[in-house]
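Let chain C serve as the given structure and place chain Z on it in line with the hints.
Residue numbers (this note's numbering), protein chains in the order written: chain C, 1 to 70; chain Z, 1001 to 1906.
What the hints contain is simulated information worked out from the structure, not anything from laboratory work.
Keep in mind the model is a prediction, meaning the values are calculated, not measured.
Heads up, the beta-carbon is just placed ideally off N, CA and C, and yes, glycines get one too.
Don't take every hint at face value.
Said to hold, decoys possible - Examples of chain C residues lying across from chain Z (beta carbon under 8 Å, computed): (1) S4; (2) F14; (3) W18; (4) L21; (5) L52.
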Amino acid sequence: MKNSLTTQRLVALFFCAWLLLNFPLLGLWDIEATVLGVPLLPAALLALWLLLIVALAWLMERHTTLDKDD
Amino acid sequence: MLSPALVIGASFVYLLLLFAVASFGDWRAAQGRSIIANPWTYALSLAVYCTAWTYFGSVGRAASGGIWFLPIYLGPTLAMVMGWLVVRKMIRIAKTYRITSIADFIGSRYGKSPLLAGLVTLIAVVGIVPYIALQLKAVSAGYGLLTASSLTELPAQAHWTQDSTFYMALALAGFTMVFGARHLDSAERHEGMVAAIAFESVVKLIAFLAVGLFVVYGMFNGLTDLFSRAQAVPELAKLLRLEQGRSFAWTQWFAMTLLSMLSVVFLPRQFQVMVVENVRESHLRRAVWVFPLYLLAINLFVLPIALGGLLYFDGAKLNADNFVLSLPLAAGQPALALFAFIGGLSAATGMVIVETIAVSTMVCNELVMPLLLRTAHFRSASGQDLTRVLLNIRRAAILVVLVLGYVYFHLAGEAYALVSIGLISFAAVAQFAPAVLGGLYWKGATRLGALVGLLAGFVMWGYTLMLPSLAKSGWLSDVFLTQGLGGIAWLRPEHLFGLQGLDNLTHSLFWSLLANIGAYVGLSLWRSPSGQEASQALLFVDVFERTTTARPVFWRGRATVPDLLRLCGRYLGVERARQLFEGYARRVGANGMTAIAPDAGLVHFVETQLAGAVGSASARVLVASSVEEETLTPDDVLRILDETSQLRAHSQELEEKSASLERATAELRAANEQLKSLDRLKDDFMSSVTHELRTPLTSIRALAELMRDDQQMELAQRQQFTEIIVSETERLSRLVNQVLDMAKIESGHAEWHTEEVDLCALVQQAMATTAEMFKERQTQVTQSLPEQPLVLLADPDRLMQVMLNLLSNAAKFVPVPGGRVGVSLGGDDAGVTVRVTDNGPGVSAEQQALIFEKFRQGGDATNRPQGTGLGLPISRQIVEHFGGRLWLESSPGQGAAFCFYLPNKK
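Isolated chain C (complex conformation) (with noise of 0.2 Å):
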């Protein structure tokens, strides 16, 4: 399968995403402190989430052109 080293790293970024987003890896962020002003925790989270965003648009629209034909 030609895409194959995509499929890998897609698999491997849900796993991460998964450890990232879950126990117990979470509960490092729950501690009193704040970032501009926005608590830890709810920061974190947001920022964890478009993080694992801006990653998956990178993998997807990084071969566009290569299998527009599939």
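For chain Z alone, kept in the frame of chain C given last:
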């Protein structure tokens, strides 16, 4: 407060706008300029995931549980990471086999089972109708809040004839009928509807962001102010932490993420927009990240609005679900509140429309059609056009689903069964996951496994989640909740078998998925799949391998074209059927409809087309009833598969062979050309040789005859004739020698006596030999030879032959008198070059290529000098034998220089 007329008027205008957008979408689609055929619209249409439950409910959830509203959106993001792998496969399958709903998908995968598809439909209806009710309730509650005199006093529920929600449900049913069941499409796609949904997604996002920005920057001084004030209140500060003072329910977090991850793919409306309405697979590439980005955007202000509401209405008993409306109202911004209401309305209507289309398609195709097909009237291929009947069934299903939703809403009201239905619905559709995901990747899964698995999961879900929710609403006695069914403690629905430590959602999800997967896997392993199941499994699991190349058609039997055409005509319309058949004829290269071979390919084509209209299970029944077919055993499936792959291998082999044949043909043709030209050369050679032989022979014969006939010939005369005869004979033997020589050299049989040769001496010897000849022709010969001897390995006799040939050539062409011939010799360790120049007429460019050919001589036909025409070809062969080359430098009028170069191979 706002006047009811204003709110109803605004809602009505909004619905009209929706109609306009959908009509525009349909109009553009009819013109072939689709407005939804781009990844952005596709991604926006996926946002139908965000219902009124998101729009209002997220804030409510955040107000009581802090970040607990998030897993519902993190799950879809995770699902989208795998979307390119899993969803793309589902899209490919759905497009290839005209799958039109999730029930169709599951039914089709497990041997086109009507029973399985029906069960899936049933689960979907039971799970989804309350969810539709929830949307109606959200709109109704929003309307009540906007028109109420105070924020804390909500009006009692009106009688249904005076309830605006009822009329809204009817309006939505009308919209859905118009844009969801206008014509029977064999692909079941609704461009106008998708355009409207994408539009609604934009509206709800903007409305929610507008409220969020207003709360954060209009009612508070930005995020810092809001959060610092919230953290000053201990109750609110807890919301910003995971634990909230208790130990964090990681299992529930995990379960909700998993649940929403599955729902975003398996909810009927999600399947509809994501798989069925997908225009091009490549759109998914962008949608998988734009859709999560949308979810992120719409969740940005959930926590701020929740905290803002709690701070603002400090202590007041207000429903946090309505903060999106009550905050702008309380702050004296009725216009913003109305806009927020429209946003909520768009979230609700979007969900209701798509869900209703999806569910009504399933009800029509998987519940009603199989029942109708039990009657001979519907099963037979002849008879009236049924497209209208089908459409009406679908419209009726739309109406029934929406009215059911309204009835549920009306009955349930504020009950727990309605408020908590979002996650309960999710848990119901999560039951589809094992059958679908397993079906995508596991060929061994069987119909029985999927059927019992789904049933077991559904029963578990009903017992552990749905029934308790009904009991909590007061519709059932809750004795079985606390005491267990029949007083048996280990049958308590929320602590089944005494399981402790899980919240009721996680508990239910665990047991239902355990039962589901257990039965699915266990029963699938019990028996191997039947022929029909095995064939469908192959078609689904290997869809990427089989879409582009030859796809096996698992069918055996006898069919006729008119029967199939009539069948198609009944369910797709006569005109449409004719177009389809003509298109098929063109594709298979048949000359018109009548020339189509009624083979397995055609049957498969018809069945696929019908599947788009009535579902694959019903299409199977219809086709089976109008053709004679044999039942396939698993062995047949394997054999057909084998045949197909053999066919594919054969065709590849054939292609390779034909390519190599073509190559061989080209080579042969080139060889043939070469042979022909060689043959021509040989003919030329023969005629030249015979011509050259005849000339001396003729004169010899003439002279000999003269001497024979004239006995009185004088001695002197006789002597002269005899000399001529001798010289002609010498010429003949020279010619014959040269021809033999040439033949020997060319065939490689010549004898070569290689020894050390001093080229200077050799050239001098050659010049001495020819000195007499030049003297006769009054030609001046100059030489330029080095003083050192130039020694190399060669055959001296042959080289002498070359030298003599070049010199005599020069002698032939120089003008008489005044001819000048120059011989030069130069060289180094690498090799030696000999040049013989003359001041003759020179050789024109076109002649230069020819003079090295046999029997070609320089000069024109009239003043062609004597010679055999073999001298130069032989000389060239000799030089080339020693690894050198012989060439000519000349231009007309400038004389000629014949040169040869010999490498020193010592």
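If you take the shortest Cβ to Cβ gap from W18/C to chain Z, is it below 8 Å?
holds, 6 Å
Can the hint on S4/C be confirmed by a CB-to-CB distance to chain Z that is less than 8 Å?
violated, 11 Å
Hey, does the L21/C contact hint survive, CB to chain Z under 8 Å?
holds, 5 Å
Chain Z contact restraint on F14/C - CB to CB distance below 8 Å:
This interface hint holds because 4 Å falls under the 8 Å limit.
Status of the L52/C interface restraint (C-beta, 8 Å, chain Z)
holds, 6 Å
In this structure, the one hint that does not hold is number 1.
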